[in-house]
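Visitor: Generate coordinates for the entire structure from the input sequences, incorporating the hints supplied.
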Amino acid sequence: MLTPRTEDELAEMIRETNAPLRIQGGGTRGFDPGTADEVLTTSGLSGLELYEPGALTLVVKAGTPVAEVEAVLAAENQRLAFEPMDHRRLLGTSGEPTIGGVVAANVSGPRRVQAGACRDSLIGVRFVDGNGTVLKNGGRVMKNVTGYDLVKLACGSYGTLGVLTEVSFKVLPKNEATAVILINGQSARKAVQTMSKALASPYEITGAAYTPSGLDGHPVTMLRLEGFAASVTYRAEALTKALGDVGEIHIETDPERTKAGWEWVRDVHSLSDVAGDLWRISVKPSDAPDVLEAIDPKAYLLDWGGGLIWARMPSGTDVRQKMQGIGGHATCLQGRASRFHPQPETLATLSAGLRAKFDPKGILNPGVMA
Amino acid sequence: MEMPTPNSRILERKSRIVARLLTVLPADAVIHEEVETRAYECDALTAYKCPPLCAVLPASTEEVSAVLKICHEEGVPVVPRGSGTSLAGGALPTADSVILGVARMNEVLETDYDNRFIRVQTGRTNLSVTGAVEMDGFFYAPDPSSQLACAIAGNIAMNSGGAHCLKYGVTTNNLLGVKMVLMDGTVTEIGGAYLDSAGYDLLGLICGSEGQLGVVTEATLRILPKPEGARPVLMGFDSNEVAGACVSDIIKAGVLPVAIEFMDRPVIRATETFANAGYPDCEALLIVEVEGSEAEIDEQLGLIMEIARKHNPVELRESKSAEESAAIWLGRKSAFGAMGQINDYMCLDGTIPVSQLPYVLRRIGEMSKDYGLDVGNVFHAGDGNMHPLILFDANKPGDLETCEAFGAEILRLCVEVGGCLTGEHGVGIEKRDLMVDQFAPDDLEVQMKVKDVFDPKWLLNPSKVFPLEASEARRAH
Ligand SMILES: Cc1cc2nc3c(=O)[nH]c(=O)nc-3n(C[C@H](O)[C@H](O)[C@H](O)COP(=O)(O)OP(=O)(O)OC[C@H]3O[C@@H](n4cnc5c(N)ncnc54)[C@H](O)[C@@H]3O)c2cc1C
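Residue numbers (the working numbering), protein chains in the order written: chain A, 10 to 379; chain B, 4 to 480.
Possibly wrong hints are sitting among the right ones.
In silico BS3-like links for lysine-lysine, alpha-carbon gap of 27 Å or less [said to hold, decoys possible]:
id, chain 1, residue 1, chain 2, residue 2
1, A, Lys-331, A, Lys-145
2, B, Lys-452, A, Lys-370
3, B, Lys-229, B, Lys-336
4, A, Lys-145, B, Lys-460
5, A, Lys-366, B, Lys-460
6, A, Lys-183, B, Lys-255
Example chain B residues on the side facing chain A (calculated, C-beta under 10 Å, incomplete) [said to hold, decoys possible]:
id, residue
7, Ala-106
8, Gly-385
9, Val-456
It should be emphasised that the hints constitute simulated quantities derived from the structure, not laboratory data.
Note that the Cβ used here is the ideal one computed from N, Cα and C, for glycine as well.
Guide: Shown next, in the form of structure tokens:
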């Protein structure tokens, strides 16, 4: 295992090798290891570089544990707006999630619908490409259009274009209060309609999820409101009124319970003890019920108002085949199917072209995203 | 500003190229008479002008593709154009280039409220996107001040921002998908009505690439429900330092205003003369706007004013009505016009870390004396995106050059304190040669390699963004 301690050391290691490397942060996603034998871990590149709460700016080394980042922010009553999930329980992995791993996989949680994805909070990166060249893009300011946006390109590239060494974020204040509107007994189709209606209201929904079997085994639609206490109370009432007759409604405002509830959604706990292949499917929210009918999963969870489907499938099911004609794309996180949805020819050619430029030796996570 | 010498082999072939373009476009869509091409000789950076070889105005993605195929075969550079409001010279032609304007492509193709997106042709203006959905309670969030004129095409190419991006983000945060034509005529779609992409984030890469990777013909944009209401508070301070500290305290307190706008004394005075907005005569002025229901607005503004009071404001004026809100915004909205009344101006757009605000403003003041040119500052303080407006006299020999040198020094200062050259206007030709101050050679090289992948012959808007020296080898073939 290679454990560079500095960016320069990392660059030298990459310059000097022709052997494929498996790039690892905390290793908590544990799937799709690619074909490389040698592991390169970023765990030695850890620590806070800069934090200015008054400017909402955080710069950290890529190998820093997510927990450490969250603790530093929490001390100033701030947070990563995009609510990254913890994959460990769902995937049955161990290890310590790193912030670089979050960026490399563009991991984004329920607040995606309102606050954006990881890529939307990310404002700067430093990384070492497959030539062993140290590169930087973006910076520490939240408005920056100077040159091409390689920050976005690096985010979600799974270590195939470079090894991240430092990442910068726009962070946000934590909210004072939370209310969750829980609606019992809806069908998936009804729930998506309800979530669409809520998301189209001016009440700033920061989470819209649905499970066909909640903690007590019954279907629950969950809508989250965050903000100052009085405002949350007002919006919870106004939204309930606007939703009209959707069935039995309960409003939960207990801080511990709302937090636990959304972690349950964020980390997809309801699927962790179910056997079968694991799929993550991106669709137009209103198509979600049709996709569910087409694929008929053993268990599932809808997040992002229906735009994100997590599904457990009988092993070996070709979800992409079943989704045909509906639209969207599917990622296989556990199972034999190829991990990523095949891309149209032009995009595949462009992507391969980019990869060849950033990693001409083909040593960064070969087999991943291929 | 230096531009590459036009390729004489292309100039000689003008009639042949025009004739070929006329085989795929109607006659009125190919503009080649010299008097008419002048309409395309510049964008909003009017100090630089050059009529193109010709301009084409395709009406569909297919026509765009046909045009690009021909230009690709003929080896003719193409400069995409939306509405020509770029302040960076992004749409400035060269004499040997074809301007490809998308202005005729301005249809709404699809609106979907259940999934909260709109799909438009990119020639559509920014404001008319909101116009298409506002009667149903929605809006398109990025709102550049030029929104009445600028097109979604240019917004995507420049990753444009606006006054409300502190809360809603800039174009890239609100763009879901595009249809794009590559230089060889290949039509491709990237992204769609989904919240994430399969594979690399090519959409994020396209956004802000200044028309150098492809011609974007359609866009899927996120639309948002309109807030119940919005109201600003105006506060005046007797120093930039104090105003800067107040901004930082507001942000730290956990309120997230939709906008925090900052104006300094020269701009306050200019707008007072021009628009009579009733602003206090003070060193620094902030306009902070929040959204929500009446009660929510009251609560947030209350908190903000409490913070402001701790900084001893010389004026604190909370808007209580739509009229009062309009009055507070009046001066800010007419700031550019007001400065323009005094003289010609150059508008810079560097971003700095918010904590550096007082220092940078002081340095700009000092430089202003050194260069003998007045400067006013009006900007988005919440995100550190500055807009220094340098006044100069275009008719006075040497003034433009002095102004440019002054501007360059301000932008270098922005980089030096940890910021960047441009926060929302783009590099274009204006900041091209300063790129070496922000990027190491390797950082520029890797960006040019990205262009190599999308446009191997470097025909799309080739003499922009990168210093001419740096791109020389790639452009000359
Ligand atoms: C008074 C004024 C106020 C402004 N205020 C703001 C502001 O608040 N915020 C802000 O961000 N900007 C502002 N701008 C700058 C400008 O309006 C933006 O950059 C705008 O997005 C440009 O849009 P456009 O359609 O006019 O593009 P153009 O000027 O026509 O072109 C801009 C760039 O886009 C490229 N391009 C155009 N069409 C396409 C296409 N179809 N495919 C690919 N590339 C294309 C061009 O090649 C060029 O590089 C302001 C400008 C003015 C004059």
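Visitor: Each hint should be assessed against the structure and marked as holding or not.
Guide: Here is how each hint holds up against the structure:
Distance check on the hinted pair: A:Lys-331 and A:Lys-145 sit about 42 Å apart at the alpha-carbon level, beyond 27 Å; violated. A C-alpha spacing of about 16 Å is found between B:Lys-452 and A:Lys-370, which places the hinted pair at or below 27 Å, so the restraint holds. For the hint pairing B:Lys-229 with B:Lys-336, the CA-to-CA distance comes to about 21 Å; that is within 27 Å, so the pair holds. This hinted pair checks out: A:Lys-145 and B:Lys-460 have alpha carbons roughly 26 Å apart, not beyond 27 Å.
Distance hint between A:Lys-366 and B:Lys-460 is fulfilled; the C-alpha atoms sit about 16 Å from each other, no more than 27 Å. Under the criterion of a C-alpha separation no larger than 27 Å, the hint pairing A:Lys-183 with B:Lys-255 is consistent with the structure, at around 10 Å. Hint status for B:Ala-106: violated, given a least beta-carbon distance of 23 Å to chain A, over 10 Å. For B:Gly-385, the interface hint holds, the least distance from its beta-carbon to any beta-carbon of chain A being 9 Å, beneath 10 Å.
For B:Val-456, the interface hint holds, since its Cβ comes within 10 Å of a Cβ in chain A; the closest pair sits about 4 Å apart.
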